[in-house]
Every structure is written in structure tokens, then in C-alpha cells.
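These protein sequence lines map, in sequence, to chains A and B.
Heads up: the first sequence begins at 1 in our numbering, then just goes up one per residue.
Heads up: the second sequence begins at 1 in our numbering, then just goes up one per residue.
Rather than coming from a laboratory, the hints here were simulated on the basis of the structure.
Virtual Cβ for every residue (Gly too), placed ideally from N, Cα, C.
Treat the hints with care, as some may be off.
Said to hold, decoys possible - Take a look, some chain A residues computed to stay more than 12 angstroms from chain B by CB distance:
hint : residue
1    : Q25
2    : M44
3    : R74
4    : I76
5    : L79
6    : E81
7    : E100
8    : R102
9    : Q145
10   : E170
11   : T245
12   : S260
13   : D303
What the hints assert, rightly or not - One side only, chain A facing chain B, incomplete, derived with CB under 8 angstroms:
hint : residue
14   : T48
15   : G49
16   : G56
17   : P80
18   : S82
19   : D88
20   : F97
21   : I101
22   : I104
23   : A107
24   : R265
25   : F267
Claimed, not checked - Among the chain A residues that face chain B by a calculated CB cut under 10 angstroms, a handful are:
hint : residue
26   : F22
27   : I51
28   : Y78
29   : Q128
30   : S308
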Amino acid sequence: MIVVEHLSKDFGPKRAVNDVSFTVQKGEILGFLGPNGAGKSTTMRMLTGFIPPTVGRVTIGGFDVAEDPISAKRLIGYLPESAPCYSDMTVHGFLNFAAEIRGIHGAKREQAIRTAVGLCFLEGVLHQSVDTLSKGYRHRTCLAQAIIHDPEVLILDEPTDGLDPNQKHEIRLLLKRFGQNKAIIFSTHILEEVDAVCSRAIIIDRGRVVANGTPAELRARHKLAGSVALKTHGVAAESIKARLTTLGVVGKVETEATGSQVFVRVFPRDKTVNSELAKAVAQLAAREGWSFEDLRTEEGRLDEVFRSITLPDTVKPSE
Amino acid sequence: MNESLRNILTVGKRELSGYFNSPVAYVFIVIFLALNGFFTFMLGNLLERGEANLDAFLMWHPWLYLFLVPAAGMRLWSEERRVGTLELLLTMPIAAWEAIVGKFLACWIFIALALGLTFPVIFTVGYLGHPDYGTILTGYLGSFLLAGTYLSVTVMTSALTRNQVISFILSVVVCFLLIFAGWQPVTGLLVQWAPEWLVNIVSSLSVMPHFNTFTHGVIDLRAFTFFGSVITFCLFANSVILRGLRGA
Ligand SMILES: Nc1ncnc2c1ncn2[C@@H]1O[C@H](COP(=O)(O)OP(=O)(O)OP(=O)(O)O)[C@@H](O)[C@H]1O
Ligand SMILES: [Mg+2]
């Protein structure tokens, strides 16, 4: 649905987006991550045809955004970063305008407005002036505008920004539901959202794509990902280490003793995240008669991965 | 219905409703009428003159519009830029020129409405004597076209900035130049150093002679062409500015 090829954007001498390529299929929800100023919004503005790319091509549903912008834009619902709305209108008036300009007429229009209002929980403020709405409601009004024509492609720049926890939850559910038959790109700074909603995530840093994968794949890039941690009592650290390394699946073993308690971290030989290692370690511990607690497989933490690949001048984890 | 026409209508309707949803429209109309009344009756001495024509009324319009039209139109693009709705509007499935024309027409209609509300002045001159209603009609038409010409400048300059005040000032300055281009002291100054063809071009840019043909009851094709060209040029320049904004 969305094909982005070698997209770059220069602002004067500054390259804000640098050779970004990716595709999003129908049924996919792509999370767009990156530190402030990474170029997320700039990329989205190019996808929606608001600003032309310096280099590169975007096609939406087969329409080239540069060559046939109107056809491409018809397929897109877009929530810009600041969620701008016409403040001199009521919520209903604003949505009516959005529906009209999307070519929805007659009885269908009122129907479309009602659906969007329901999905974004705007019933209570339908006839209030946009001017007087709270930030969260304004955000939802702009979101309603983006989904009013039931678009095949949704491009949402920080859709949950400024919403209360309940609304964040509702919007995530909405995205998931839409994700079944639309192509969705949304940017966020909330990493739990990636796990909760995305089928795939892209991390972009200083204009470049630095990671592209499923949330699980991204988490697996964590340096502790796949390792098994446990605490034991009354066994010497050295003997634990010696016994563990006899297991075929075990790579490196780290131990840390405090009093009679030993904290053990076991890394897999080949870096995969699965339960095999934990099972092997638990069986060994049972055979040896070690008393242990808190045995768990580290899945890797997205925030750590995010930090390690986007912080400047840090040692990048080996891949 | 034609797609472009429909888009223009949609944008225009939104813009017009924007005027009337805020006090701006009513304040503007009241000031417009009050100023017209003041200039026509107090400074133009319409009643004392006792002439059954609209000269005392229309003669002020180039000057009144110099401030009123930029005031009405200064927000058209600058507000969209300030609030960020520009991004919304230009990512809708419409062409930029449709948005430009829609906005321009909406504001023009709004000003025309205010102009229409000055109709009591027609009764006044009717009471004073036997006016030539044809001349009155062409006078109003000229005034309408003049307002549209200024407005096209305002729409264009409002795209240059996100600040309404700057937008207003820019627009007043450019419109002022449009009046003064044909004014004797200005052309006199130019004559001293510029070649004659340049002087002619500059003085032909003035709105005054064209406006005056209308107030004298003449419908001159050249005047139409002049107003039409300025409007077309400014709206085209507007689209270039918008493209520049997005490209920068
Ligand atoms: N119109 C512009 N002119 C000049 N520079 C710009 C412009 N728009 C964006 N930039 C620059 O491009 C870079 C990327 O900005 P962008 O808004 O895309 O970041 P972002 O990833 O969306 O950040 P955030 O998380 O803060 O929203 C920034 O350095 C920004 O200063
Ligand atoms: Mg952003």
C-alpha cells in the first residue's frame, strides 16, 4: 500500500531525512520511533504530499505522490503532529467540512460523521466550538477528521499525544482494529505502544533508518535478550558456573555473589530468544539440587534497545 | 458538478462560515458601513452638494479599501500557517489553486456583502434628484472589482507570513503602490531616471484610472482586463508562494 524509496529531505544545508526506504502492506501497523528531531514528522509530511522530497519517491496504493497527488491523497487519512483544527468552527462543522472535501455527500456524510464521532468519543462536544476544546479533545477531533472517509492508509503523527490513559488505551484498540484492513503508520514516543499495537517498528535516528523489524526482533537486539537469570542459595558461584557451561545450549555465564546468595546470568550460545535455555537451566538446577528462585528469560527491553541505537557516541550492540 | 468547482465551493463555504462564526464579520461590516457613512456624508458632503450621483461615495473607496480589504483578508493564509491547518488543507485531495480561489472568492463575497449593505446611499441620491442608475450600477461594479483587486494582493501577501499584522502591513503597502503608481509625483520622480517605457508601464499599473472609468459610467474592456490581470497574477503568485513554503 505504501512504498517509500530512497527518500531524502534537505532543509538548507541540513539533511533531515536521509535515504529512508520501507514498505507497509495492508493489514500492517508500522510504528515509527526515533528521538526528537530524528525526522519522523518530516518523513510523514513527504508521505502525505505536504512537502516534496529532495530525493526519492513515495507511492500510495500505486499512485505516485509527486505525480498524482490528488489520487494518492484520496487514499490517505492524516493526523498532523500538532493536530490542527479550524478553531472558528464547531466539531460538527469541522467534520462536516472534512467529509465534504473528501467527497462524501448526502446522507452518507451524516453517517460518516456519526461513525467518526463515535470512534473518537466526541459525542459530548459535537456542537462545541473547537476553540474551547481541551487539548485531548482537539486531538481527537483531528483524529476523527483523519478517519472520516474510512481511508485505506492512515498516517498518524503521535496519535496518542496528550490523551489521558483511558483514551490512549481506546485509541490503541482503534488502531489495532483498523490495522486489520488498512495500512497504518504512526509515530510515537511511547514504547509500550509499539508492543501493544505495532506489527512492525522502524527506528529512525538523525534521518536514517537504524532498525526495522517486529517488536520481538527489536527487543532481541538488547544485549541481555535471550539470557536467563536466576538466584540461588548456598551453592558456590564457581561450581554453578562450571556445571552450567557443560550444557550445550549455554554460552557465557556471569555470576555475582552477595553473601550466600548468588545471582546467575546465563547467555545462550546462539543468540535466540526462546524458552529452551530456561528449561535446560531449570532441569540442571533440579538435578543438582540447587535451591533457586526468580528464574526467567530476559526478553530484552525496547527502551534499552532504543537508547543503545539512538544515543550518539555509545557503543552499538553487536548484531 | 465539476470536481474543481465543488472543491472551491467547499473551501469557500468553510471560509465564509469562519467569518460569520466569529465576531470579526459583524465588527467588519459595522466599521465598513460607519466609515462609508462618515466619508460620504461628513467629508464628501453628499447632502450639501445636492448632486444626484455617487461621486461623494465612490471617490473614497480606493482609500477605504486600502485598509479595510487587507483587514478582511489578512488572516486567509497567515492564520492557516500559524495554527497549522495549512498542513491539513494541503493534504486534502484538492489542488492548491482550488484552495486559493475558494478563499479568495469567499472573502470577496464577504466584502461584496458589506458593499451591498451600503444600498441606502442609492435611495439618498434618488431623493436628491434624478440619478443615472446605469452609472450607479457601473460605479458599484467598479468598486467591487477594485476590492477584488486589492483582495488578490492581500491573499497573496497573507501567504508570506504567519503573522496577521505583518500580512496586513505588507498588503497595505502593495495596494498603496497600486494606487500611487499612476500618481503624478511618483511618475514625475520616475521620469527623471527611468526610460519612458518603464514610466508608462508603472503608471499603467495604477488602479485609479481604471476605477474612474467605472465611476464615470463607462464599462471599458481595458479596465476589466486590468483588474482581471492583476487578480490572476496575484493568485498565481500565491500558488508559487505556497509551493515555495512547502519546498523550503
Ligand atoms: N521547515 C523546516 N525548516 C528547517 N528545518 C526543519 C523544518 N522542518 C523540520 N526541520 C528539521 O528537520 C529535523 C527533523 O524534524 P522532524 O520534525 O521531522 O523531527 P521528529 O522526528 O518529528 O521530532 P519530534 O519527535 O520532536 O516530533 C529537525 O532537525 C528539524 O529541525
Ligand atoms: Mg515529530
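Report the numbers of all earlier hints that the structure fails to satisfy, in ascending order.
-> Of the numbered hints given earlier, those the structure breaks are 2, 3, 4, 5, 6, 7, 8, 9, 16, 22, 23, 24, 25, 26, 29, 30, listed in rising order.
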